[in-house]
Amino acid sequence: MKKSTLVSNSPRATRALGSKVAKSILKLPVGKHAVVVSLEGDLGSGKTTFSQGFARGLGVKERVSSPTFVIMKPYKLKTKNYKLFYHIDCYRLKSPKELLELHWKDIVKNPRAIALVEWGNRVQHLLPRDAFHIRFKHAI
397 MKKSTLVSNS PRATRALGSK VAKSILKLPV GKHAVVVSLE GDLGSGKTTF
447 SQGFARGLGV KERVSSPTFV IMKPYKLKTK NYKLFYHIDC YRLKSPKELL
497 ELHWKDIVKN PRAIALVEWG NRVQHLLPRD AFHIRFKHAI
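If you read the sequence shown in my numbering, its first letter stands for residue 397, the second for the next number, and so on.
Just so you know, the hints here were simulated from the structure itself, not pulled from any lab data. Fair warning: this is a prediction, and the values are worked out from it, not measured in the lab. Among these hints, one or two may not hold up.
[To be verified] Dumping the calculated EDC-like pairs for lysine to aspartate or glutamate here, alpha-carbon to alpha-carbon at most 16 Å:
#1 LYS472 <-> GLU458
#2 LYS474 <-> GLU458
#3 LYS469 <-> GLU458
Throw the hints in and build the complete structure from the sequences for me.
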């Protein structure tokens, strides 16, 4: 697996990076299951800000905020290959089983879906093997 380190010096740059990653994912051919992106890192390290840019890069026009209290927010996409975007926040989950109760397996089975999972490390064993993992750290 290729690893890269990118540095963002502002929320604006973090959103721009999220948009860039989303646009590159839209270029991927449709596979056998959903594209899953796991965002991992400390509280306040930029996951939600990145998610906002990511959604914008997918063409989502609505204001995107962290789904911390609702856990999951679906959005319809108007792209050629992908039709649904799920923004999921696992911060408040008491166990990974709670994600399964939100029809996670059905989401992953849909090859025309993209799922962005904040705090994906909390449900690591439920993520597909080929999920993308992005780790966030506070600058020192």
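Worksheet item: Which earlier hints turn out false for this structure, listed by number in ascending order?
Response: Nothing - there is no hint that the structure violates, so all of them hold.
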